[in-house]
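Colleague: All chains should be built: construct the whole structure from the sequences, respecting the hints.
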Amino acid sequence: MLVTTTNTIQGRDLDYKGLVTGEAILGANLFKDLFAGIRDIVGGRSGAYEEELAKARKIAVDEMCQQAQALGANAVIGVDLDYETVGQNGSMLMVSATGTAVVVR
Numbered sequence: 002m003l004v005t006t007t008n009t010i011q012g013r014d015l016d017y018k019g020l021v022t023g024e025a026i027l028g029a030n031l032f033k034d035l036f037a038g039i040r041d042i043v044g045g046r047s048g049a050y051e052e053e054l055a056k057a058r059k060i061a062v063d064e065m066c067q068q069a070q071a072l073g074a075n076a077v078i079g080v081d082l083d084y085e086t087v088g089q090n091g092s093m094l095m096v097s098a099t100g101t102a103v104v105v106r
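Here the sequence shown stands for residues 2 to 106, where the numbers follow our numbering.
None of these hints come from the bench; they were simulated from the model.
Derived lysine to aspartate or glutamate pairs resembling DMTMM-like cross-links, with alpha carbons at most 20 Å apart:
no.: 1; residue 1: Lys59; residue 2: Asp83
no.: 2; residue 1: Lys59; residue 2: Glu85
no.: 3; residue 1: Lys18; residue 2: Asp63
no.: 4; residue 1: Lys18; residue 2: Glu64
Modeller: Shown next, in the form of structure tokens:
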């Protein structure tokens, strides 16, 4: 499955199938929050949160691609990824992926 943020694929005809989306909501646990808080004080990157972001992004994109495949598409164009914190005190991470399912000819 071809996935791109562009709205066209140069030199190819596209048959539009429709809007597809995928979402993932993951919670951060107490230890990740504790170590991230320490990183806020001393600086540096939070590997635990980066891993959760990557995991949530993969789930959202995979779900979007499954929807596209169910529509008979072989590509998703115009992909947009959004990140939000949700839940009490922003304790959960939501990643959404949205795009247009197409058949590339």
